[in-house]
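2 protein chains.
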Amino acid sequence: MVESWSFLDTVESNFRPLVVIELAKGTKEETIEWFTKRIVDKKANGGAQLLVKPLVTENGVENIYLVGASHLRLLLGAETVGLVKECSDNSMRTFTYSSRKTFKHFADDNHNFLTMAECQYIIKHELENLRAKNEKMIPGYPQAKLYPGKSIVRRLLTSGILVQIFPLHDREELKKLSHSWYGRVKVGYQPLDDIRGYFGETIALYFGFLEYFTFALIPMAVIGIPYYMFAWEDYDKYVMFATFNLLWSTVILEVWKRICAILTYRWGTLLMKRQFEEPRPGFHGVLGINPVTGREEPVYSSIKRQLRIYLVSLPFVCLCLYFSLYVMMIYFDLEQWALDYHNENESTFSSLMLYVPSIIYAVVIEIMNRIYRYAAEFLTSWENHRLESSYQNHLILKVLVFNFLNCFASLFYIAFVLFDMKLLRQSLATLLITSQILNQFAESLLPYWLQKRYNRKMKKCISSKKTGMDLSLAEQVNMEKEMGTYLGTFDDYLELFLQFGYVSLFSCVYPLAAVFAVLNNITEIYSDALKMCRVYKRPFAEPTANIGVWQLAFETMSVISVVTNCILIGMSPEVDALFPDSKVDLVLTVALVEHLLLAIKFIMAFVIPDKPRDIQMKLAKLEFESLEALKQQVRAFQMQL
Amino acid sequence: MVESWSFLDTVESNFRPLVVIELAKGTKEETIEWFTKRIVDKKANGGAQLLVKPLVTENGVENIYLVGASHLRLLLGAETVGLVKECSDNSMRTFTYSSRKTFKHFADDNHNFLTMAECQYIIKHELENLRAKNEKMIPGYPQAKLYPGKSIVRRLLTSGILVQIFPLHDREELKKLSHSWYGRVKVGYQPLDDIRGYFGETIALYFGFLEYFTFALIPMAVIGIPYYMFAWEDYDKYVMFATFNLLWSTVILEVWKRICAILTYRWGTLLMKRQFEEPRPGFHGVLGINPVTGREEPVYSSIKRQLRIYLVSLPFVCLCLYFSLYVMMIYFDLEQWALDYHNENESTFSSLMLYVPSIIYAVVIEIMNRIYRYAAEFLTSWENHRLESSYQNHLILKVLVFNFLNCFASLFYIAFVLFDMKLLRQSLATLLITSQILNQFAESLLPYWLQKRYNRKMKKCISSKKTGMDLSLAEQVNMEKEMGTYLGTFDDYLELFLQFGYVSLFSCVYPLAAVFAVLNNITEIYSDALKMCRVYKRPFAEPTANIGVWQLAFETMSVISVVTNCILIGMSPEVDALFPDSKVDLVLTVALVEHLLLAIKFIMAFVIPDKPRDIQMKLAKLEFESLEALKQQVRAFQMQL
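Line order of the protein sequences matches chains A and B.
Under UniProt numbering, the first residue of the first sequence is numbered 1, with each subsequent residue one higher.
Under UniProt numbering, the first residue of the second sequence is numbered 1, with each subsequent residue one higher.
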């Protein structure tokens, strides 16, 4: 069907399938022809100038297409997306085709100059930027309207003709990566650069953060163990422990920014220019003129969106928060009931029963978090945000507020209304451990097990009919297209965020929290790695320079934990005993200490530079060079006069 | 002497003197010849390609030179410094000579396209960027070393050969400006755009801030008057007043960011690219290689600087702070003495005597602030910072910490150690009013009066020998070169900062503070305007996009004022009466309210966008266009292949 190769490609054997396009079953012939023609068409004609090839299986053509690109095309694409690569002199520079010779490892015949993830990212970018010219609709589907400049792929996706686009795994690379990543039991760092080369920067940065965070928790865990072992009821020493924790949590968050800068500088994303943000796929509205671009595109009144946010979303979130508090009160009833039962019939069984309400509550919290997550996604999508970033911000805000209250409200209630430190410790431990077990199970083991069963079935089914090498690709594609889609790092960061809350908010009551967090994170690294390599489809690489809004979320949590820990310390009997005459002096002292700690926190955050000195120097050097180049241009122009 | 006009200039009558260069008396002939040759030399030969003319008075040549430039040269210079001007379609764009026709009001014969301040800024920039080529020293002065790339003007300044460079006033423009600015008594806004056109963005932005701040204080003043008149001792209602003040101060600081964005967008500085920062004039060190630029220039070990900061500057600042506290204790002794005297011999005289210690203390505070200012400047200069921005940051930090403690320590002591609200009110009023009177006097009236006397003498002396038009210029130059130099907006902002402290820190005790601040600021606008137009030399325009570190300083002050006001309210007898049973509940409630207010403050600062929507749109549009242009370039390149 698609036989007209792009002129950039000379030898067909060069074709390396990078990205898979799956069209719906029964897609009209004319649509397929038009779409594939647009993909291979020259840039000058508004095409993407890529290579495309139908996947042939023994069942014939299955509406699955493999997309690749010539080496030259990929290099030009790298310039379009603004990739930053390392030069021969070890500096990082934006790649341009004309300066290609100055880059490290570049050779015209070196097809590994761009990593596979980068190639796939470029192809995705080119496909998404394939725009309608004068088409009023997708040929064959009059209801799928187009207008000049509309992304064809996004319209195909929203109208259901395009089922999915995903990048292919590289079996060999994946094997190597998974071996060095989690294949052997070892003490040491993850191969972050390889992860980045295979999965892209966003995912590599998540694993970098997870690893860093785990290492950063170790001092807290190590100090916590003797506190737990020798001084169970001795709050006095917790003052030092809590103070250390508070300052430590500030330091680790500041140091992370520096490490993040080092990583993303090495990966080139720190220098990458932000691309202009296009409307997100789900955005709809009546056709109008975008005041920024001057182009015709759907516009949606900002007032309507505000109304939806404030009249529907906000009340809904409040209702959910109320419901969550209601559930919490039921939990306390249960807790009371279990305590009464234990007091009446004291036995091993009854003392075990004491933990049951907390466990049930932890499970309910997890379920509520997950249901709310869907509701929040639905609502935020219904709010019809134009940009993906604005959608994400509203979603994250909704989810964070609810999750925070849902997870920690009961602990706050126990600590500051019931003043029951024993129950707080028990409840905290149960919530933390239960949620960790549930998460590990729901996140990795369950999908892995399902996937494994399915794969076995598939393999059996295919290998019985196996004929040649070419089928192996078809087999791979068919297997991968059925795999789950990785929905981004949101849930993973959220889990770490809540864990950070459990560890820091009440650290002076339960020092073992850090120990459990460290243990959980070590297995989390392995299970997340397994999940990425075996359970999910390969995700498209996403360049990123930092962990974004999560930095702010973690910092906010650490400010709140200063307040909670100061109050907890103030409530301890030992500190109380220091002020026998006046409770007022006690409260004033606690308030003073809290303000001092907060002030130190802010000063520390201000004083510690966000980027290490050598990265600052390298950035300054680049800035200087670009300014010099500009000056040279102006000077050359002036000399001509 | 200088007869070889630059080839860019065709008609000598075009020469319009813009900038004055004053060389030291007795400067060697060869030095003058070399320097002026470098100024007029072609760009290609490393010159500045400007016009220069000696000033001829009846006493002959006086080592004063007038610098100008041809219209074309100025336009090219505007491109070099990256000026942003308004286009015909009302958008703001970076000026380039090749796109000059698209700019509003541009015509080849319109010499007013660039304002005089802009022309002078360009000439200053070109002079400062006149760099040594192979000269090892300034001809005639072997001790004034040069190395390739060293700014010649900076070396001339530091070796005392160059006395000063300053821009000339434009008598006619100045007359117009001063008439519309302060010439007539009127209610209305200042002509900020005209001020910006004449004095540049930094000064215009200061006056914009002063005006905005005055308007913003009016609601606080208006609400404060009835509180003062009818409820002198009624703290109860102050709760509402203080709460309003706290939220209001957050709002005004956030709104200022938006207004600042509107102003600087209109002036083009919001879009102006930051220039690469050169070492500041006073910086010295041994010659080495700058790792960023790769050029040979003086380098100074960062460790040495750190040692100077931590081993000398820091102890010195601490000593000064201790001394300031010591003086404060003396003030309290005086205060006690005055009170005893009043109690012993009660009379009108003795009740007036009660105010004397405060007045003396206010005067001493002002004197100490001024002495410390010089010490801080000396120390910071001795720390040998490489960049002007780093110098400024260290200076501002030193000065702010001392001024804050010096001005407010006594008030804090009275409020939170002595708990004497009556003394606090009296002390606050005396300090505020005395410092305002002293400032107005020292800042404007005194220099104005001195200047006026000097001018009269000069005029009499010159006009007796007056002969023609040409002498009028010489007269003007001779007069202006003797005028004081405006040292920047630092002191003006500092004064406003301290005023903001007096108004907000203890607003619930003395609501009249805002009234006095408003009255002071109205006269301050006039006296500052007078000072700029009549007392000082014209300063060089400095492009700026915001008020810089002062925004942070004001915000920090408003955070501190939340804390102080909450404590003051908590200490009031009425609030105390609400909690008859438990002082602990009172303190807890106050702490809770304080945290809530702080949280609201931070959320408000987060929610209110820093730039108004239409400015955001315009910036997005520019970003979009530049990205589109880049894409077009890449596409055009790809099509050639």
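Bear in mind the hints are in silico, worked out from the structure with no lab data behind them.
Each hint should be verified, as a subset may be incorrect.
It does not matter which identical chain is meant; a pair holds if it fits inside one copy or across any two.
Result set (PhoX-like, lysine-lysine): computed pairs, CA atoms no more than 25 Å apart in a straight line [stated by the list, open to error]:
id	residue 1	residue 2
1	K304	K104
2	K304	K621
3	K618	K304
4	K273	K611
5	K273	K618
6	K176	K145
7	K257	K621
8	K42	K53
9	K176	K422
10	K28	K273
11	K150	K618
Hints and how they fare:
1. K304 <-> K104: neither (52 Å within a copy, 38 Å between copies)
2. K304 <-> K621: Intra 47 Å, inter 23 Å, cutoff 25 Å: inter-copy only.
3. K618 <-> K304: Result: close only across copies, 23 Å inter versus 46 Å intra.
4. K273 <-> K611: both (18 Å within a copy, 21 Å between copies)
5. K273 <-> K618: both (16 Å within a copy, 19 Å between copies)
6. K176 <-> K145: neither (45 Å within a copy, 61 Å between copies)
7. K257 <-> K621: Close inside one copy (21 Å), not across copies (31 Å); limit 25 Å.
8. K42 <-> K53: within (17 Å within a copy, 62 Å between copies)
9. K176 <-> K422: Cα proximity of K176 and K422: none, with 49 Å in one copy and 78 Å across.
10. K28 <-> K273: Result: close neither inside a copy nor across copies, 40 Å intra and 53 Å inter.
11. K150 <-> K618: between (39 Å within a copy, 23 Å between copies)
The earlier numbered hints that this structure contradicts are 1, 6, 9, 10.
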